[in-house]
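Novice: Sequence lines, in order, name chains A and B. Quick note on this note's numbering: the first sequence kicks off at 1 and runs consecutively. Quick note on this note's numbering: the second sequence kicks off at 1001 and runs consecutively.
A hint or two may mislead.
[Stated by the list, open to error] Per label pair, the in silico range of CB-to-CB distance:
| hint | chain 1 | residue 1 | chain 2 | residue 2 | range |
| --- | --- | --- | --- | --- | --- |
| 1 | B | 1013 | A | 259 | 47 to 53 Å |
| 2 | A | 770 | B | 1306 | 29 to 35 Å |
| 3 | B | 1277 | A | 433 | 21 to 27 Å |
[Said to hold, decoys possible] From the derived model, a few chain A residues whose C-beta atoms are all more than 10 Å from chain B:
| hint | residue |
| --- | --- |
| 4 | 110 |
| 5 | 199 |
| 6 | 693 |
| 7 | 764 |
[What the hints assert, rightly or not] Below, a sample of chain B positions facing chain A; criterion: calculated Cβ distance under 7 Å:
| hint | residue |
| --- | --- |
| 8 | 1133 |
| 9 | 1134 |
| 10 | 1227 |
| 11 | 1228 |
| 12 | 1229 |
| 13 | 1230 |
| 14 | 1231 |
| 15 | 1251 |
| 16 | 1275 |
| 17 | 1304 |
| 18 | 1314 |
| 19 | 1318 |
Simulated from the structure, these hints should not be mistaken for lab results. Note that the Cβ used here is the ideal one computed from N, Cα and C, for glycine as well.
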Amino acid sequence: MPVIGAPLAKIDSWDKVIGAAKYADDMSLPRMLHARILRSTMPHARIVSIDTRGAEELPGVVAVITGRDVPIEYGILPSSQDEQALCVDKVRFVGDAVAAVAALDAETAERALQLIHVEYEPLTPIVTMNEALDETRDAIHTGAHADHHNIHKMVALEFGDLDAGFAEADYILEDTYFYQGNTHLALENHAALASFSPDGHLTLWSSTQTPHYVHRALAKTLELPASRIRVVAAAIGGGFGGKTDPFSHEIVACKLAMLTGRPVKITLTRQEVFYCHRGRHPVLMWVKMGVRQDGEPTALHFRTLLDGGAYGSYGVASTYYTGALQTVTYKIPAYKFEGMRVFTNKPPCGPKRGHGTPQPRFALEIHLDKIARHLGLDPAAYRKQFIVEDKTKTVNHLTITTCGLSECIDRVVEASGFGGEKREARSEIHESKIENQKSKIKNGLGLACGSYLSGAGLPIYWNQMPHSGVIVKVDRGGGVAVFCGSTDIGQGSTSLLAYIAAEEFGIDVRDVRVITADTDLTPVDLGSYSSRVTVMTGNACISAIRPLKQKILDAAAEKLLVPAESLSFRDGEIICEDDDARRLKWTEAIALAEAKHGTLSGTGSYKPPKRAGPYKGSGVGISPSYSYAACVAQVSVDIETGQVRVEKIWLAHDGGRALNPILVEGQVEGSVYMGVGEALMEEMTYRGGLHKAPSLLDYKSLTMRDMPPVETFLVETNDPEGPFGAKEAGQGPLLPVPPAIANAIYDAIGVRIDETPITPDKILKALEEQEKGRAARFGPKNFPAVKYPEPIRVEPPEDAPRLERKKG
Amino acid sequence: MLRLPPFEYHAPRSIEQAVNLGAEHGTAAMFVAGGTDLYPNMKRRQFTPQVLIGLNGVEELRGISNGDGITIRAGTTLHQVSNSPLLQTQYPALATAAKLVSTPQLRAMGTLGGNLCLDTRCNYYNQEFSWRQALGFCMKKDGEICMVAPGSSRCWAVSSTDCAPVVVALEGRVRLVSARGERVIAASDLYRDDGIEYLGKARDEIVTEILLPPADGTKSVYLKLRRRDSFDFPILGVAAALRLASNGEIESARIVLGGVGSRPLECVDSARLLIGQKLSHKVIGAAAEAAWRPARPLDNTDSTHSYRKKMARVYVARALGALSEQ
Ligand SMILES: Cc1cc2nc3c(=O)[nH]c(=O)nc-3n(C[C@H](O)[C@H](O)[C@H](O)COP(=O)(O)OP(=O)(O)OC[C@H]3O[C@@H](n4cnc5c(N)ncnc54)[C@H](O)[C@@H]3O)c2cc1C
Ligand code: SF4
């Protein structure tokens, strides 16, 4: 029975269903202490003094530490080592960690925090991006951590001849967009449990997506040899990018365990999780696009300004990502990207599902909709004319292996009736009655597309080693154990390894045991981020298994007296394809193989193809392959209240071959959930430097009742880079959702909402403008005069879209 | 995870025991019914009572009965209120309001009495202790000034109960019992226009019953504005109740707004405009226009206050529209 492509349950689903899965907070060790972290109440201040005596004297308190105990700077990127586990001299946002207490119970630790006295010298907080650009204000970071004053990072790249491209254009459209920041909202709050043995071994169990990077950060900040640190990712209750940085509480738990000689657990409160953040960057965008009469793009100029919050985190990569993937959907012959990330006194932003790309995708897909409407073109047919082709490169040197976007568009258009004659009926006002309310409703349909990478082409820190490693061991009883450093954050990556092993060996999935995310037991995998896991661990797993299979076949061939090439693994047997009377049971075959070759195990690893273009910054955006998605959203808008209901979402996703269609559909539905929430309500809002709504009640995300039905279509291209042809599914399906909703709202009521979240009051304001005969739009009015550096000019590759000179 | 502060818990079996415990412990004690409002507040240290007197075990506080009017005992859960066939037919507005509170889980625990006594809300106040500490505390708890209206000498925290506007619109009354005796007051007198001292009852008084007059053909409706279809507190609630004469003219009318002030806000002017009229488009428009004027929402709930104010008019019109069809 084939396993690949079958709709199987995840191998850890029983544990989740019966409550047996152990999350870090479920764990407990003898003599364990509970720790809490004192966090800054100031958005921006110098620490004058910290008096911990009151806390130390409280009965039940075992240890109190401050920044002086863990002063070494760290950060996820080697170029942004700008965080301290506990701040030493300065705090940079409300929620920055300042001191920590370990006590016999959590209540005592909490009480002790109130007895720590911190004297601050307040500095003027820098809350908005404009304030960050104002050089008369204090710098949040000094020196090396920023490109210039509060500008963390500046990028400018130009591919092809932009001026020529605009000169060729018949129509040029310029506009500004804003995508609001929002957070991951994983249901599990971060938790960490550390234990330090008397002989100097440190173990940390944590809810982390990246145990390998945490491992490195612990070695650095705790000054311990990495060989004596073990990091284990516990069961994880959702990540979405929120658990991909090394965090203060992980280092603090370890330090307290080392000082006290007792295990120490920290579980964050929801408010603290909001403070840890690393979520979606708020991005202001300016887009200028030139097209010919038929809509063919001739040039694209894209500017972004990212509000990074207080620390670097993945920000350098995020900045590049706001420019990297505009080119992988439609043929663009000339492209200029200018990006900038600034520091502000707010929780640090980082990677959230789609890392840096949903924001520009929102702007680009609305922009295209505006162009299509202006030129009187059908937005679907229009896009299809200019889709990138298989086995080509983009103007910014990204390699397209397979692209199923055209088919994705067809599928959602056909299913939704987008662009059909229903248009007239949609724009009429009709009444609807829900729960006593009679509302005046208009309906609309909107389309948008997107694309995302299947794994970052480069690791976080420069090295030549594999991105993913797998060890496979075959037991005499027939069981197969797969060891891999990957972390399953709910997406099913652990199950995937079992499916691949079962498929390859022709055995039952239940006979495969997968051990993951343990730096002592498993080979390094870089972690669950950038949608890299299926492609990279899958390939590593196959490369570990194939030589092992050969050994088993050799032994079987000897016994069956047939050539090894005629044998295959099927349904628990090794069967000769030419003569199926010649067969061996799987367990017989492995016994023969072990007798012949010794212990049966194999290692495999994977490194993405080297594809970086010839320019600085080309490392961001490259990937083995790209996924594609198209989405149609149907909305109803209440024109008196401005309330929007997303009635239905059709989403077609080209994730390559679906190794398990249920898991891919699950990723699509989850992405839609997140995309609709980001479009309509999710936002990180602040008053001064203080987060306005750090709770699950006040930070609005969709409830079950707000979630529209989703019709998913899987467009299965067979990608040459992926294991069994797979690409990614975890992030890409989110990208088209917010712009499809914005475009649908325009379709319904004729107003453009060029920023997220699209709230009822913004809709009413745009409708009021429409009524007054002014531009029926709500969105940013202008883009600040930002000084980007001189662009690096890059010659496009041979097989990139070329600008044809038709004019002059 | 946030933890509850330590407290001593009593579980009386009768109203008498409950009020005696209240008298015994005085200001150190608070009553708790479903705990869906109080416990989260205690975790965030808005309240740190030394003693809690749990009302859940008091059998005589449960149930709905019909006689000369409808009596709902205060410990009846919101789930029971929303599913009561009696209320659904006689006073659908109350069944609707109860049904629109939060989530099924909270309605299974939350009581009508607790809902009527719900603490007023403000997004400078419904925050964890450390958050309020970062803000510098406001006068409703631990501080001196109001953060929404810094010049103000009072607190503007918002009455956010779904059921209170309905009970007021239906001219309900509440029975209050303490060790000192008992009294019945109009539901509208249960509320004061102050975000801190928002209840017109003494601390030691238990609400034991909600008394609704005989429905007698009263039409009623409740509409709720909130961001999501579940979970959220109202940022505007509109309760409307009308009685029509046989010729279709309005004999009595009450429109009460929730979520826009520290107490349920009665739209007296709108009601006056309705009396003696038939529910035409024009009349509804005029009443809605009059209703939104007194609403003075501040920027201390979800959404913008200008939007909430605009919506008061739309929602009042829609509520009256719904009544014209009942
Ligand atoms: C996430 C969330 C969402 C919510 N959403 C809504 C919403 O949409 N609409 C809404 O109206 N409410 C909402 N609530 C608040 C609350 O759940 C309900 O109002 C509920 O009805 C409160 O009842 P309770 O019995 O749980 O009250 P409790 O928490 O037990 O008590 C609340 C207050 O009333 C006092 N009290 C309780 N019973 C009596 C009595 N018989 N006599 C005197 N005093 C009494 C208590 O001392 C306390 O001060 C929400 C709460 C949460 C946590
Ligand atoms: S209205 Fe003012 S005083 Fe009252 S809770 Fe809000 S901020 Fe505090």
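Novice: Does each hint fit the structure? Answer for all of them.
Specialist: Comparing the hints with the structure gives:
1. 1013(B) to 259(A): 47 to 53 Å: The hinted range 47 to 53 Å holds for residue 1013(B) and residue 259(A), with Cβ atoms some 51 Å apart.
2. 770(A) to 1306(B): 29 to 35 Å: Since the Cβ atoms of residue 770(A) and residue 1306(B) sit about 18 Å apart, the hinted range of 29 to 35 Å is violated.
3. 1277(B) to 433(A): 21 to 27 Å: holds (24 Å)
4. 110: violated (7 Å)
5. 199: Label holds. Min Cβ-Cβ 33 Å, cutoff 10 Å.
6. 693: violated (7 Å)
7. 764: violated (7 Å)
8. 1133: At about 5 Å, which falls below the 7 Å cut-off, the nearest Cβ of chain A leaves the hint on residue 1133(B) intact, so it holds.
9. 1134: Since the shortest Cβ distance to chain A is 4 Å, the answer is holds.
10. 1227: holds (5 Å)
11. 1228: Holds: closest Cβ of chain A sits about 5 Å from residue 1228(B), inside 7 Å.
12. 1229: holds (4 Å)
13. 1230: holds (4 Å)
14. 1231: Nearest chain A Cβ about 5 Å off; hint holds.
15. 1251: Violated. Min distance 22 Å.
16. 1275: For residue 1275(B), the interface hint is violated, since the closest Cβ of chain A sits about 23 Å away, which is over 7 Å.
17. 1304: holds (5 Å)
18. 1314: holds (5 Å)
19. 1318: With a closest approach of 5 Å, the residue 1318(B) hint holds.
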